[in-house]
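> For the record, the sequence lines run as chains P and G.
Following our numbering, the numbering of the first sequence begins with 1 at its first residue and continues without gaps.
Following our numbering, the numbering of the second sequence begins with 1 at its first residue and continues without gaps.
I should point out that these hints are in silico values taken from the structure, not numbers from a laboratory.
It is possible that part of the hints are untrue.
Pairs of lysine to aspartate or glutamate, EDC-like flavour, derived with a Cα cap of 20 angstroms [said to hold, decoys possible]:
#1 P:Lys-217 / G:Asp-125
#2 P:Lys-220 / G:Asp-125
#3 P:Lys-137 / G:Asp-125
#4 P:Lys-171 / G:Glu-214
#5 P:Lys-217 / G:Glu-214
#6 P:Lys-220 / G:Glu-214
#7 G:Lys-500 / G:Asp-9
#8 P:Lys-137 / P:Asp-224
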Amino acid sequence: MMRKGAHTTCNTQHSTRNALGACAVLLFVMVVFATALGVWQETAFAETAPNSGATAVESTADESGAGDNTAKGSSADGSSEDSKAETDELSDDNLINPQQLPDSSFIYSTSIDDLAGADAYFDGQTVQVVGETIGDKINADMTGQFCWITLASEDTLNNTISIYMSHEAAKSIDLYGRYGSTGTILQVQGTYHLACSEHEGISDIHAEHVNVVEKGKVAKASFDINAFIPGAIVVAIGVVMIIVYGALKERQR
Amino acid sequence: MWQRFTVHDLRVIGHYLGVLVLFFSITMGVALVTAILCQEWEPAARYFCAMGISLIIGSALRFLRIEPTRLSRQQALAVTGLAWIVIAGVASIPLYGSGHYASYLDALFDGVSGLTTTGATLLSDLDHLSNADNMFRFMIHFVGALGVIVVAMSLGIFGKRGGGGSGLFTSEGRSEHVVPNVVQTTQMILRITLSIIAVAAVIMSVFCLMTGMEPLRAVLHSFWLSTSGFATNGFAPMSQSIIYYHSFPVEVVLMVLMILGSIPFVLHSELFRGKIITFFKDIETKTMALWLLVATLVFASSLCTSDSFAELPALLRRGVFMIISTFSTSGFQNITSNQLTTVLSSGALLTLALIMAIGGGAGSTSGGIKFFRIGIVFKSIVATVKEALSPDSARVTVAYSHLGRRMLTPELVKEAMTVLILYAITYLLGALVGIAHGYEATQAIFQSVSMASNTGLNTGIVSPDMPISLEIFYIFQMWAGRLEFVTFLAIMVQIVVSLKPRKRVVQA
Chain P
1 MMRKGAHTTC NTQHSTRNAL GACAVLLFVM VVFATALGVW QETAFAETAP NSGATAVEST
61 ADESGAGDNT AKGSSADGSS EDSKAETDEL SDDNLINPQQ LPDSSFIYST SIDDLAGADA
121 YFDGQTVQVV GETIGDKINA DMTGQFCWIT LASEDTLNNT ISIYMSHEAA KSIDLYGRYG
181 STGTILQVQG TYHLACSEHE GISDIHAEHV NVVEKGKVAK ASFDINAFIP GAIVVAIGVV
241 MIIVYGALKE RQR
Chain G
1 MWQRFTVHDL RVIGHYLGVL VLFFSITMGV ALVTAILCQE WEPAARYFCA MGISLIIGSA
61 LRFLRIEPTR LSRQQALAVT GLAWIVIAGV ASIPLYGSGH YASYLDALFD GVSGLTTTGA
121 TLLSDLDHLS NADNMFRFMI HFVGALGVIV VAMSLGIFGK RGGGGSGLFT SEGRSEHVVP
181 NVVQTTQMIL RITLSIIAVA AVIMSVFCLM TGMEPLRAVL HSFWLSTSGF ATNGFAPMSQ
241 SIIYYHSFPV EVVLMVLMIL GSIPFVLHSE LFRGKIITFF KDIETKTMAL WLLVATLVFA
301 SSLCTSDSFA ELPALLRRGV FMIISTFSTS GFQNITSNQL TTVLSSGALL TLALIMAIGG
361 GAGSTSGGIK FFRIGIVFKS IVATVKEALS PDSARVTVAY SHLGRRMLTP ELVKEAMTVL
421 ILYAITYLLG ALVGIAHGYE ATQAIFQSVS MASNTGLNTG IVSPDMPISL EIFYIFQMWA
481 GRLEFVTFLA IMVQIVVSLK PRKRVVQA
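All chains should be modelled from the sequences, with the hints used to inform the complete structure.
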């Protein structure tokens, strides 16, 4: 016959196991629910095109890496032959897409810093921004058509904007900015939303034209043993001080 | 009569601060290992050096008193209070060396923000920060969330019996023992925290991988977000905060973590023991449920006046997340700082400020006034009304449920009211300081509450170009809020009294 204390211990352990089991089941259910909800949400709100008037234009950098932006795919107005003739006449230093025609709804000189403090004036406007791609390419839905790219301002380095673009357009990105690397500099033209109704209120740009301005660069420091010498000296001093303290403490006892 | 610090007091306090600084160098070791594994050689050299500096500072402080005596209550208060600012000062050394801060004061701001689990940051170009620096930032949050003293005691830094630990434990704002023994309590808190973070990190890694993130980044970001979520800190590895992940499942996991982080550890213990009824009957749980219901209704109504968030999907996704982020005083944002001031109405912004001001559960990782005190104040109102309606000879008692049935006492009410008033005064003072610096009133009020409640939501005031005087004031606000004022005020008074010259009695 078990003693009362052991019996109480058994009950406590049994209760603990029950509680842990309940928590695990609850967590599993929540995970399944979250996954299902996420899948439903992304398939339900998957877009066919970011803009009814134009398709996202895929842009590839040329072999010299000068940031040329030869546009592929059909343009919004269909004048592809005229555009080709114009492109042939322009110099290689021209980094601006000649197909980007200004109109009354087009705010030509916007920056990511401007959009970081944007108000309702900018909402729904066509904007053009230049920034560094950072982080990762985040899948926007399960269909594999669209993705999220984050562009960081080149000026202040603190402001960013989410760009909603096609995977095709994102192929022009050769490097994503993080520690040790500067990401591809992109020029993106698209519609800015202060609180996008298609994406549950997020601030974003639905890209219509994506061009590479500059390729990404890797700049990671290489291993240099000399850089560790100051650290080795101070660590050694610190360890000596600990040992001396221990010795003094023993002597006082 | 106010007691001064004696030289003996200062030496004992210095010794224990040195012990904590030495212990803190372990977090730098974690960052060093991360740097080596990720082949980030400049951060590796920097953290190696910072470890050495931390060892020297800690050892030098320990030399002030070779064989320390047991801590008195006065000394325990001083150690607890000063530990936060001293350790933040040491933590700022490698952060400042990263080159992402304009000045050492900015790095100190981040150190204090991380330790106090506020989460506001002055770091520039966060998206290019090394994995080692990010790991260090999140280690600071982990230590700060649990409490410097808690982590030190659970690792036996103060000896098996905790040394003067009981006084330190209470001084850190932890009044409840999960188990009778203080050291075992701290170990239980550490176990609960590590278990929850581990499970959440695994689940979130899966979701991050599904979004298309690289495996290493997915795992690291998941671990960091899990730590930050349960610590209700709000630091995120990307400048866009949670918006960056564009993932509803990630937001759901974070919401669960934030709710768990705002539940007192003592109630976690009850849940693990299977005492679910105790959890639901607790005064904090009932206050939390009622308060969140009211706050959600008000916030949802005010959001509906804005065209942008009036639609149900936006309302649910952005609104619910922000409410949970603010009540738990985490500070994660799935809307931008610009949207906080531009899209949300002033009513919605002030509702969020009020939610932050109240905060989460006492004895949890959350900040703010705490549900327990709000519940006690309302019980006190009930008692007052009962007394008014009862005859003079009647003895009125009011009970509340907290790990059993307890009676409301005048001392408990006095403590709750004192801290509530101190919080309110600090919120108001911070708002006035913000207004004096030329900021909009709504923004200044919101930011003041955010700092003092250790939430960290930013309307744009906290930035690398903010005024230095405001920056220093916010540092004190974060520090005072983490210590829940009483410890902070006690130290300030003792420092002032100690520095005041003694009165000389001139004999005729």
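> So, for every hint listed, does it hold in this structure?
Checked hints:
1. P:Lys-217 / G:Asp-125: 17 angstroms, holds
2. P:Lys-220 / G:Asp-125: 16 angstroms, holds
3. P:Lys-137 / G:Asp-125: Holds, at roughly 19 angstroms.
4. P:Lys-171 / G:Glu-214: 16 angstroms, holds
5. P:Lys-217 / G:Glu-214: 19 angstroms, holds
6. P:Lys-220 / G:Glu-214: 19 angstroms, holds
7. G:Lys-500 / G:Asp-9: Judged against 20 angstroms, a Cα distance of about 17 angstroms means the pair holds.
8. P:Lys-137 / P:Asp-224: 33 angstroms, violated
When each numbered hint is compared with the structure, a violation occurs for hint 8 only.
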